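Enquirer: Here's the letter readout for the chains.
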Amino acid sequence: MKSENKNQSRRSFLKVTSLTGGGMMIGISWFANLIPNEAMAHVADNNNWVQLNGFIKITPDNQVKIFNPNPEFGTNVMTSLPMMVNEELEADWSKVKVEMGDYDTPRFKSQFTGGSRAMAMAWMPLRTAGATARLMLMQAAANEWGVPVNELSVSKGTVMHKGSGKAATYGELATAAAKLPKPEKVALKKPGEFTLLGTPQKNKVGKEIVSGQSLFTMDYQVEGMLIAMVIHPPAFGMQLKSFDASEALKMPGIKDVFEFQVYKDGYVKAGFDTRTFNRLIAVVGNSTWEVINARKKVVAEWEPIQTTKEPVMARGGRRDEVIPAGLESTDEHFAADA
Amino acid sequence: MAKFQLKINGKQLSVDVDPSTPLLWVLRDHLHLVGTKYGCGAGACGACTVHLNGNALRSCQLPVSAVGTQAITTIEGIATSETEMHPVQKAWLELDVAQCGYCQTGQIMSAVALLKRNPNPTEAEIEAAMTGNICRCGTYIRIKAAIQKAAKSTTK
Ligand code: FES
Ligand code: FES
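So the sequence lines, in the order shown, correspond to chains A and B.
Under my numbering, the first residue of the first sequence carries the number 6, and numbering increases by one thereafter.
Under my numbering, the first residue of the second sequence carries the number 2, and numbering increases by one thereafter.
Simulated from the structure, these hints should not be mistaken for lab results.
None of these values were measured; they are calculated from a predicted model.
You may find that some hints are simply not true.
[To be verified] Chain A stretches covered by chain B per the calculated footprint, using a threshold of three residues with CB under 8 Å from any CB of chain B:
(1) 72-81
(2) 126-137
(3) 199-213
Glycine included, each C-beta is placed from N, C-alpha and C at the ideal position.
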């Protein structure tokens, strides 16, 4: 979801985003407001990017950027998923830049890493994105040169016409290509035709990593940003009874301490949603250290949950699940939950 | 709140923070040097490693008030020059050490400090020096090989 409502106060912003059940990410456009610092330099560029589709941007001076849609948990999807795109796009892989995509599910569809599924789920859509963009670039060249597209070939980001000896880089073609209709159907390579997939490649963002420029979630900072931390129950199977924030609110730099609900009323939980941590406490302040200290001053009382029944979307569809009372670590709970 | 003059990566920078604030949060929150990472905040993971007078140190454990005039170096200040990386960074790239990369700036800071005081460490010395740097991705084998490679490239 996008929450870009400029009129929202910061407090309501926090609340709204925390109510989008099941998600931890915030769908706002960070890049517009990033605080410039050394680490940001490589993402906050002012180039004239032409967007061919959600995964590919090209500049008129022939820089190619591929967006990795999935979170990087160390399986090197920052390299492997863009390789899929480029196998079909056929830009010069040694020059391609890779960037982490925003959390933007309408644009990227699947943004899930886990269960060995990232590669499998990306296999068709990412290759298709690469092939679609390549075809649009070829079509732009064909229009320009007045030749049929099937007489063209591509190599390392250049479209060529053998008959006339004409050639143009993707950068030169990108602006025209972006105006063309997206092809409905594209042919994908057969595995035997792969030149990049199946070859060992180094981490595409290795340089950023070893120089501290690689940006992780915690590294995105925007002007005027506040820091929030959450207080969870001490064990699964417990819920918030009450809390006293009066001492915490007196601590320096603290803006607010409030209870919030993780799941909207009526939200149907799915696979990875936690079942019992619904009402939590947020501590919000100016800086991390101030929030860490104030968090310790919040006096929270927790109680065991009651037996509840709730709908879940699990494998095999929607069903009602009974969540037994008590700590999830106890034997009775295991027995009741079996 | 109190004002502190800090010498970081050769520059004089000033901040106005609570004296108990760990150097880690001064670097990240106040100076926006986010290459230094937060892992545990308890001195147990090494993600926050920086140099104080050239020695590796857990920045989450050092209150800013204890820094004084000592020189701080972070991952942003480790390169040999604007255009040339440190030999340890180069070895890291050649051996493709990183996976997710989260721990790697801390690993590199520890490795650089190690090679500075011991340019030709044995395997056991590498293990001893790097033991406080945790990598969830398990890149330890390549970390060790990269340190050995960097040692060779600088001692020959
Ligand atoms: S964050 Fe400092 S040692 Fe883990
Ligand atoms: S590379 Fe992922 S934690 Fe070390």
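Enquirer: Does each hint hold? Answer for all of them.
Expert: Evaluated hints:
1. 72-81: Holds, because 5 residues of the segment 72-81 of chain A bring their Cβ atoms closer than 8 Å to Cβ atoms of chain B.
2. 126-137: With 0 residues close enough to chain B, the hint is violated.
3. 199-213: holds (count 6)
Hint compliance for this structure: hint 2 alone is broken.
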